[in-house]
Amino acid sequence: MSNKQKLVVIGNGMVGQYFLAGLVNQSIRDAFEIITFCEEPRPAYDRVHLSAFFSGKTAEELSMVSADFFEQHAITLHLNDKAAHIDRENKTVTSAKGIHVQYDKLILATGSYPFVPPVPGHDRRNCLVYRTIEDLEAMAAAAKTSKVGVVVGGGLLGLEAAKALVDLGLETHVVEFAPRLMAVQLDEAGGAMLRRKIEDLGVIVHTGKNTSIITDGEQCVHKMCFADGEELETDVVLFSAGIRPRDDIARGCDLAVGPRGGIVIDNSCKTSDPDIYAIGECALWNGMIFGLVAPGYAMARTVIADLAGNVASFTGADMSTKLKLMGVDVASIGDAHAKTPGAMVYTYQNGASEVYKRLVVSQDKKYLLGAVLVGDASGYGTLLQYYLNSIELPENPDALILPARSDESVGLGADALPMAAQICSCYDVTKGAICQAIEAGCTTFGGLKAETKAATGCGGCAALLKSVMNSELSKQGFVVNTDICEHFAYTRQDLYNLIMVEHIKTFDELLEKHGKGRGCEICKPAVGSILASQWNAYILSNEHLGLQDTNDTFLANMQKDGTYSVVPRIAGGEISPDMLIAIGQVGKKYKLYTKITGGQRVDLFGARVDQLPLIWKELIDAGFESGHAYGKSLRTVKSCVGSTWCRYGVDDSVGLAIELENRYKGLRSPHKIKFAVSGCTRECAEAQSKDVGIIATESGWNLYVCGNGGMKPRHADLFATGLDKETLIKTIDRFLSFYVRTADRLQRTSVWMENMEGGLDYLKSVVINDKLGLCEQLDQQMQNVIDTYQCEWKTTIADEAKLKRFRHFINSDQPDDQVVFVEERGQLRPADEEERKHFKLVEMV
Amino acid sequence: MTQWQKVCSVDDLQPNSGICVLIADQQVAIFYMPKEGAIYAINNYDPFGKANVLSRGLCGDINGQPVVASPLYKQHFNLQSGVCLEDETVSVRVYPIRIDNGSVQVSLVELVS
Ligand code: SRM
Ligand SMILES: Cc1cc2nc3c(=O)[nH]c(=O)nc-3n(C[C@H](O)[C@H](O)[C@H](O)COP(=O)(O)OP(=O)(O)OC[C@H]3O[C@@H](n4cnc5c(N)ncnc54)[C@H](O)[C@@H]3O)c2cc1C
Ligand code: SF4
Ligand code: FES
Chain A
440 MSNKQKLVVI GNGMVGQYFL AGLVNQSIRD AFEIITFCEE PRPAYDRVHL
490 SAFFSGKTAE ELSMVSADFF EQHAITLHLN DKAAHIDREN KTVTSAKGIH
540 VQYDKLILAT GSYPFVPPVP GHDRRNCLVY RTIEDLEAMA AAAKTSKVGV
590 VVGGGLLGLE AAKALVDLGL ETHVVEFAPR LMAVQLDEAG GAMLRRKIED
640 LGVIVHTGKN TSIITDGEQC VHKMCFADGE ELETDVVLFS AGIRPRDDIA
690 RGCDLAVGPR GGIVIDNSCK TSDPDIYAIG ECALWNGMIF GLVAPGYAMA
740 RTVIADLAGN VASFTGADMS TKLKLMGVDV ASIGDAHAKT PGAMVYTYQN
790 GASEVYKRLV VSQDKKYLLG AVLVGDASGY GTLLQYYLNS IELPENPDAL
840 ILPARSDESV GLGADALPMA AQICSCYDVT KGAICQAIEA GCTTFGGLKA
890 ETKAATGCGG CAALLKSVMN SELSKQGFVV NTDICEHFAY TRQDLYNLIM
940 VEHIKTFDEL LEKHGKGRGC EICKPAVGSI LASQWNAYIL SNEHLGLQDT
990 NDTFLANMQK DGTYSVVPRI AGGEISPDML IAIGQVGKKY KLYTKITGGQ
1040 RVDLFGARVD QLPLIWKELI DAGFESGHAY GKSLRTVKSC VGSTWCRYGV
1090 DDSVGLAIEL ENRYKGLRSP HKIKFAVSGC TRECAEAQSK DVGIIATESG
1140 WNLYVCGNGG MKPRHADLFA TGLDKETLIK TIDRFLSFYV RTADRLQRTS
1190 VWMENMEGGL DYLKSVVIND KLGLCEQLDQ QMQNVIDTYQ CEWKTTIADE
1240 AKLKRFRHFI NSDQPDDQVV FVEERGQLRP ADEEERKHFK LVEMV
Chain B
7 MTQWQKVCSV DDLQPNSGIC VLIADQQVAI FYMPKEGAIY AINNYDPFGK
57 ANVLSRGLCG DINGQPVVAS PLYKQHFNLQ SGVCLEDETV SVRVYPIRID
107 NGSVQVSLVE LVS
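Residue numbers (my numbering), protein chains in the order written: chain A, 440 to 1284; chain B, 7 to 119.
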């Protein structure tokens, strides 16, 4: 028998697991034999990101535990077994499956359960809750046979659940008892703004509604009847009416619990029995239950310290929250309801852009007490730091919530934060800890994340971490490193200039003269792109092939299962029926999944690498060219139908779009480039969301630049007006050439322009007024690209030697047996892991 | 004793890039850097992306270690040890490989063991 103490942990949820993971790294770990009971069929997973299950994350991906964690750390895990009873006198725990263990120290981490109001009918079929992976599976199953879904509860979780119902394709309602949404976090005006935004998304919100019974429906499975006499029919009911601590096991052994539930703990997280601790959502501290992970993690750290004999205490936690609910930014800090005596309130409301902000400050206007942000939560990080660290507010606190005027900056610089400021609340990382890591030589973002764990939880602190890092680095005399990577001590722009001025034609030549090592996946594609922009040689020639991003090396986009998609160019989105049929025939012959893209063309998915040349041969014979969907290059020039057909059209938008697409196709650039041309100001082609957008007017073409959709949408800026076609094209030539020369790698035109000193005006002065005297060069540069265009696919299929690479195995004609498809809605798609187990054969064409 | 088996010829290799061979039912990715005279063999299966794609990743070096970056989610694998740079608990299998008289050979003994 070992003389180790027995430590038993009941519950392997987020907090229980955080406790175990923290403990095994401590030297006191060796003093214990560790046993844990996990009621769920799988060890801890990321409940915070549970909803990601609906966007395709698998249970494995959500797992917080590596496969061999328990084995590696010699922890006995009783999976799928609920601890049923604690005998405090004999210090034993008995499980539902009859396992009986002794303990010296016991940790309760049993979490909470969703509260289901006891209305009659609450236990009918498809009346569900939202807490575990099994709950989500039940929801997905219920949704298959349902049309309408109702979420009972309009709080944080309820709205998250509503989003899930929308994504499952149901007509979605939210029924809230309180007069507004997120009543705990938001004030009335904030709740109203949130409601408007959520209704814009098609969710029907009912507030002030008290459900009295759920019975049989007429059109749907259920009918919900409300106290005010109204009714609502639905097929699925999802209860999200709050959580209740799981304290049953504590009650069973007479531990102290709160009047409304929760296992009472003191500052060291001990329950009324000093050998038993409680942490996470089951614990009641100072009359409070904390329904967030960060406080639970803080409790777990307290217990670890206490076990090690260190003084540690849990002193409460900040409940400020920031989330993106159904694409709406919402944040709440501290005393959002201005309950502090003497509190003063500032509000900013912008009905047009649906933004609401409220600041609660102390009577003397010096300190922030609380805040509410709806529609724009970009100020959250700054405000939270003012609040948490009692930093004195600027003279006019309202500047913090008013829209920024271009000449003033109100952000709280990282410098202003004290060393004790908590930067990452998930892992309790302070500014001090980050500075220490930097001093110890950790000078990259990735390195800091790995070293301190900051920004590796919810990710909400990433921006702040970055600004702390940059400001510390420059304070310590580091020039913030702008080198492209470890192989070249230059920026992309430097490299461009070197290549241009020294007439460098290959990567090896550049590496020999100006770099070191062998290169990597950062510098190789960047240099490959520069060489292509400048000299425009065939990208698969032997000296360039190894530089290309994977997609470029096979001139197609790799999909998740290792197959590829094929996108032929359809300039301007115009296509004749015959060409459309030709694509259809190829798709049919090779059994490709076919989809219309957001760029007005057709994407064919599921081609194996060995099929690519065959497919392209047929497409080229039918008159198609590569669409460069794989390249950092011109993608599409979208068009509207324009004056040819449209009764409002002012000019021929399709004609211009085709001309522009053909002009710039094949141009390799720092990032992808998208264009659009609209035939009138109704703007059906969405030109103002593109890198280059053109709109026809009575007096000529208006040119917009530097817009994009994507992760951070930005409207394009008006660059020049009333242009004739020749001037328009010249202006675009120069604009693009200058972008290609001077932007950073993977920098869209918007970010490039925003980072440029002088911004749009400077850009105009270079491109329109030729301030730098560069225009002639820029013209030439573009002319060279246009003159040397080749369809890369055409060149490739004409070259036997190149085709050799288009095989999965160089020594066998067998295809990859991991590639397995199943049919859905009449087309093929990659099999998921579960399905893969059942099929091993590839269907051959 | 190491038992070498020929899988292809040097001409089949793609300089500074990868190819894949099938040997004893295993997919082996081979990377060839003629300038350094280096050749590496690792399993083709990407444990993160869960697809047979590593041979199509970009290769190079990081802190002096030869690496390939997965084409799917860009994790780096050390070509000599197979260890993932981003998560050292994950690695892919490496195989002994050599070039003998223009023929590329992989050791089978290692494969079976
Ligand atoms: C196929 C398509 C979706 C669709 O079915 O409609 C698509 C698919 C992909 N998009 Fe997209 N995007 C597609 C239109 C768009 C659009 C809409 C548009 O172009 O009008 C946008 C927003 C507009 C914009 O870019 O400004 C868009 C914004 C993105 C972004 C975010 C870019 C950004 O600056 O934030 C990425 C990620 C990136 O490029 O780094 C991306 C990346 C991707 C990648 C390449 C992701 C990847 O690496 O696998 C997808 C590969 C497609 C493939 O395998 O063929 N896709 N993507 C669309 C192809 C259009 C085309 O014909 O070429
Ligand atoms: C959809 C959703 C979204 C969320 N979003 C956020 C967010 O954005 N931010 C945030 O901070 N928090 C969020 N939360 C809350 C967060 O998930 C919880 O705060 C956290 O999971 C609490 O951890 P815990 O370990 O205390 O409880 P849990 O993670 O619930 O773990 C308790 C575990 O103990 C098990 N258990 C209970 N009794 C026994 C027993 N007798 N024997 C054995 N096992 C037992 C349970 O089955 C469970 O597996 C969200 C929660 C949900 C459901
Ligand atoms: S943008 Fe103008 S021309 Fe083009 S389709 Fe719309 S209304 Fe017609
Ligand atoms: S605050 Fe969540 S990761 Fe830092």
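Just so you know, the hints here were simulated from the structure itself, not pulled from any lab data.
Some clues are possibly wrong.
Capping the alpha-carbon separation at 30 Å, the derived lysine-lysine pairs in BS3-like fashion look like this [as the list claims (entries may be wrong)]:
id, chain 1, residue 1, chain 2, residue 2
1, A, K1276, B, K80
2, B, K80, A, K1034
3, A, K952, B, K56
Hint by hint, here is what the structure shows:
Of the pairs offered as hints, the one joining K1276/A and K80/B holds, with about 26 Å between alpha carbons and a cut-off of 30 Å not exceeded. The hinted pair formed by K80/B and K1034/A meets the criterion: a straight-line CA distance of about 27 Å does not exceed 30 Å. With a C-alpha separation of about 39 Å, the suggested pairing of K952/A with K56/B is violated against the 30 Å cut-off.
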